[in-house]
Amino acid sequence: MPIERHQTGPRMSRVVVHAGTVYLAGMTADDPALPIEGQTRQVLDKIDRHLAMAGTDKSRLLTASIWLADIALWARMNTVWDAWVVPGHAPARATVESRLAGPTHLVEIMVVAAAA
Amino acid sequence: MPIERHQTGPRMSRVVVHAGTVYLAGMTADDPALPIEGQTRQVLDKIDRHLAMAGTDKSRLLTASIWLADIALWARMNTVWDAWVVPGHAPARATVESRLAGPTHLVEIMVVAAAA
Amino acid sequence: MPIERHQTGPRMSRVVVHAGTVYLAGMTADDPALPIEGQTRQVLDKIDRHLAMAGTDKSRLLTASIWLADIALWARMNTVWDAWVVPGHAPARATVESRLAGPTHLVEIMVVAAAA
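Those protein sequences? They're chains A, B and C, same order as listed. Going by the working numbering, the first sequence opens with residue -7, and the numbers climb by one from there. Going by the working numbering, the second sequence opens with residue -7, and the numbers climb by one from there. Going by the working numbering, the third sequence opens with residue -7, and the numbers climb by one from there.
The shape of chain A in the complex, shown without the other chains (with noise of 0.2 Å):
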């Protein structure tokens, strides 16, 4: 079966679709000076749009994992999260507390999706 890549580096691809199912990088905030709630509707935001590259949609997700730098963040997160989330086509979901890569990035999301 074929692979397909989009925004593809030399690190990473940030969309990858195989076999009906679309992988996405894991995401962080374009700006992390902003609080959780913004830095998260900013990940959410990018999902969407490279969601969108591979031709699917938010309501087809199967997965999302959620790393928190401080895990008290976590109830902020979800606001957003839960506002986001189409009733009745929510993933499956783990979410725990890592360091990330830029020291004042709070949330890195990563989700894997089913094709349209």
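Keep in mind the hints are simulated off the structure, nothing from the lab. Quick caveat, the model's predicted, so the values are computed rather than measured. C-beta atoms are modelled at their ideal positions from N, C-alpha and C, and glycine is treated no differently. If a hint is listed, it holds; no wrong ones were tucked in.
Heads up, simulated EDC-like pairs for lysine to aspartate or glutamate below, C-alpha to C-alpha not over 20 Å straight-line:
hint, chain 1, residue 1, chain 2, residue 2
1, B, K38, B, D23
2, B, K50, B, D74
3, A, K38, A, D74
4, C, K50, C, D37
5, B, K50, C, E(-4)
6, C, K50, C, E29
7, A, K50, A, D74
8, C, K50, A, E(-4)
9, A, K50, B, E(-4)
Estimated spans, in silico, between C-beta atoms of each pair:
hint, chain 1, residue 1, chain 2, residue 2, range
10, C, H(-2), B, D74, 15 to 21 Å
11, A, W76, C, D23, 43 to 49 Å
12, B, M45, A, A25, 41 to 47 Å
13, B, D23, A, A44, 40 to 46 Å
14, A, D62, B, P2, 19 to 25 Å
15, C, W76, A, E29, 35 to 41 Å
16, A, D40, C, G1, 38 to 44 Å
17, A, A25, C, Q(-1), 43 to 49 Å
18, A, R68, C, P(-6), 43 to 49 Å
With chain A held as given, fit chains B and C onto it using these hints.
Chains B and C in isolation, oriented as in the chain A frame:
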């Protein structure tokens, strides 16, 4: 290809099935006052129950991601894990340390399995 | 659909194949006394060998999850990673900090690939 979801709430689904693959949410113990052995047992029981909702079982596990709140609990978690795995049917696995959303949760496990 | 497993022990399989997708276990260096560059090289060699057991190779990577014991090692890990990736064939990727099971292991990498 259609997506099947079970135990779907506004934040996540506990079980998502697509293209013959079953994705479970990260599972934690219902009683986080238990020591690591008891928490691991509760998590694995929960995984068994959720795999059954998708009509599959632990003999068809593909991968497991395990997070321990303290990596020093690794050997004690493994005694329960090793007894649970169906001989000859162990999944690919990674185990790392991360703080979890519940402050007294010691272990979280997220698995992917093949549908029956 | 059948499941194919390689290097299966009581705790985990190193390679699991299902529905055209190859899942590898999280890999760490055989010699954890090496600095991050040497450990990354050993991990990537190991990934090459295990992909070969499933009849595939690094040009068909879909995703990579990378855990660093200290996120400050990110740039040094990347020099080895970037040289290893097949140009135009980079996987989706996420890299975060987590303590690993071996106290001197600095990097663990878990990949998913497409079968050939």
